[in-house]
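Protein chains in written order, with full-length UniProt numbering: chain A, 1 to 278; chain B, 1 to 186.
Treat the hints as calculated values from the structure; they're not laboratory data. As the structure is a prediction and not an experimental result, all values here were calculated from the model. The reader is advised that the hints may include incorrect statements.
Claimed, not checked - Away from chain B, derived, C-beta distances all over 12 Å, residues of chain A:
1) Gly-68
2) Glu-127
3) Glu-211
4) Glu-252
Unchecked claim - Chain A regions said to be covered by chain B (calculated; three or more residues, Cβ under 8 Å):
5) 32-46
6) 223-230
In this text, a Cβ means the ideal position worked out from N, Cα and C, and glycines have one as well.
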Amino acid sequence: MNTEPTPAVEDIEIQLLLEALALRYHYDFRHYARASIKRRLRQAREQLEFSTFSAMQDALLHNEGMVGRLLDYLTVQVSEMFRDPSYFKALREKVIPHLRTYPSLKIWIAGCSHGEEVYSFAIMLLEEGLLDRTMIYATDINPAALDVAKSGVYPLDRIASFTRNHQQAGGRTSLADYYATAYGRAVFDKKLREKVVFSDHSLVSDEVFTECQLVSCRNVMIYFDRPLQDRAVGLFRESLTRRGFLGLGSKETLRFSDHADAFTEFVREEKIYQRSDA
Amino acid sequence: MTAAVVIGASAGAVQALSDILPRLPAEFPLPILVVVHVPSAPSGLTQLFSAKCAVAVVEPDDKEQIRPGTVYFAPPGYHLLVEPDASISLSSDEPVLFSRPSIDVLFESAADAFGAELLGIVLTGANEDGSRGALAIEAAGGQILVEDPATAYAAAMPTAALARCATARTLSLDAIADHLLGLVER
Ligand SMILES: C[S@@+](CC[C@H](N)C(=O)[O-])C[C@H]1O[C@@H](n2cnc3c(N)ncnc32)[C@H](O)[C@@H]1O
Numbered sequence: 001m002n003t004e005p006t007p008a009v010e011d012i013e014i015q016l017l018l019e020a021l022a023l024r025y026h027y028d029f030r031h032y033a034r035a036s037i038k039r040r041l042r043q044a045r046e047q048l049e050f051s052t053f054s055a056m057q058d059a060l061l062h063n064e065g066m067v068g069r070l071l072d073y074l075t076v077q078v079s080e081m082f083r084d085p086s087y088f089k090a091l092r093e094k095v096i097p098h099l100r101t102y103p104s105l106k107i108w109i110a111g112c113s114h115g116e117e118v119y120s121f122a123i124m125l126l127e128e129g130l131l132d133r134t135m136i137y138a139t140d141i142n143p144a145a146l147d148v149a150k151s152g153v154y155p156l157d158r159i160a161s162f163t164r165n166h167q168q169a170g171g172r173t174s175l176a177d178y179y180a181t182a183y184g185r186a187v188f189d190k191k192l193r194e195k196v197v198f199s200d201h202s203l204v205s206d207e208v209f210t211e212c213q214l215v216s217c218r219n220v221m222i223y224f225d226r227p228l229q230d231r232a233v234g235l236f237r238e239s240l241t242r243r244g245f246l247g248l249g250s251k252e253t254l255r256f257s258d259h260a261d262a263f264t265e266f267v268r269e270e271k272i273y274q275r276s277d278a
Numbered sequence: 001m002t003a004a005v006v007i008g009a010s011a012g013a014v015q016a017l018s019d020i021l022p023r024l025p026a027e028f029p030l031p032i033l034v035v036v037h038v039p040s041a042p043s044g045l046t047q048l049f050s051a052k053c054a055v056a057v058v059e060p061d062d063k064e065q066i067r068p069g070t071v072y073f074a075p076p077g078y079h080l081l082v083e084p085d086a087s088i089s090l091s092s093d094e095p096v097l098f099s100r101p102s103i104d105v106l107f108e109s110a111a112d113a114f115g116a117e118l119l120g121i122v123l124t125g126a127n128e129d130g131s132r133g134a135l136a137i138e139a140a141g142g143q144i145l146v147e148d149p150a151t152a153y154a155a156a157m158p159t160a161a162l163a164r165c166a167t168a169r170t171l172s173l174d175a176i177a178d179h180l181l182g183l184v185e186r
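In isolation and in its complexed conformation, chain A is listed as follows:
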């Protein structure tokens, strides 16, 4: 006889819903951190007015319009320009001097959301005179988020905090040099994204697509369980050149990773790592 405790009905339903999403639409959330995915699914169920997850699963399977809406609940689009300014300051002061030694650069920003992190990098590289020789690959699984990122348009009421962060990150100019305002919105300069390739890429199911000197993947892996974090870090390891850099979110760590030995802490308090294996 099976002695495993029977999971709660809600947990069974959630598992089935995630299976349906993966089988029908290839969005695989089965290895996301369960507590937070559950919370967001409960939110979706309440707000989309389904009485059960089974009813939601039925709608998802038979109505293609549902998947985009569900995706907006399942992926968290919270970001800022120069989020954690001390991270960007450390990149500028400690990593950029190494990057300067390369004739051409590739940078991968994984889980770029609405693009705040991408424009932050582009501005920093421009200020450091490196943007010309850099290609930035900005990837995410949420197509709606990628569209916003491509447009480079943000509500004006976010600019004050972006500006403050830029200054604290060691910005050499005024952020206002990089955007124009129109209709209550800030439109960032096209020049900043001439060297950016935005594309759909999942850390769960896709493979490495380029070799790069720096990967910045911040506040994405906190949504994964440990085995899935290992997969993602494995991709970064494979993608990075020897002595390449990996930057994580301020509360993320490689301490629990299978790949911990392949990296050394480069700026410990900013979660910036360097690939150290041969």
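Given chain A's structure and the hints, the job is docking chain B with the ligand onto it.
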């Protein structure tokens, strides 16, 4: 049997927690997860309470395994959630009731993870965060203690929790600390 403790506090939190946490002995065997609403990073709570407490006080990284006898403060700007395998997940989801970290988010996930073996404590605060989470703990069979609103620095949060949870017990800060110490004497 209690396996873990969760605490939520807002306005007046430092004073209230100072009446509780320093009284715990170094070998206190339960993990304690704490959400305090703080305006911005760095919160300094970890340093402050490390200096005052015999138990270990940490600000966890994502996916840290919860250990006994350790106090975990939610990092500023992140929700703190407990996974079914008793590890910690952080999230930068939207604030809940204007708060990130949110007490409700911690309490609800901990109720899922620990069920009837969870003790939830709602302390002083000038909002409603925690009452929904306290209800989830109650529904899972866990216990709720609430700081007496009459003597709390800010009564709104304890009052909201009491209004929602029929089984919640009202106690003074001293009595809450005694209760925690009582959990480990046998
Ligand atoms: C909280 S945002 C982080 C934004 C930015 N990196 C930052 O730190 O501010 C998380 C992003 O990860 C994306 N994401 C979630 N799962 C992903 C996956 N499997 N592969 C790539 N991106 C993913 C989400 O769509 C979302 O845009």
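Right, here's what the structure says about each hint:
1. Taking the minimum C-beta to C-beta distance to chain B, about 19 Å, the non-interface status of A/Gly-68 holds against the 12 Å cut.
2. A cut-off of 12 Å between C-beta atoms confirms that A/Glu-127 is not in contact with chain B; the least separation is 25 Å.
3. Every Cβ of chain B is farther than 12 Å from the Cβ of A/Glu-211; the closest lies at roughly 27 Å, confirming the non-interface assignment.
4. At the 12 Å boundary, the C-beta of A/Glu-252 falls inside the reach of chain B, the nearest C-beta of that chain being 5 Å off.
5. Given a C-beta distance limit of less than 8 Å, the hint that chain B covers the region 32-46 of chain A holds, as 7 residues qualify and 3 suffice.
6. Note: the region 223-230 of chain A has 4 residues with beta-carbon separation from chain B under 8 Å; the three-residue rule is met and the coverage holds.
The structure is inconsistent with hint 4 alone, although it conforms to all the rest.
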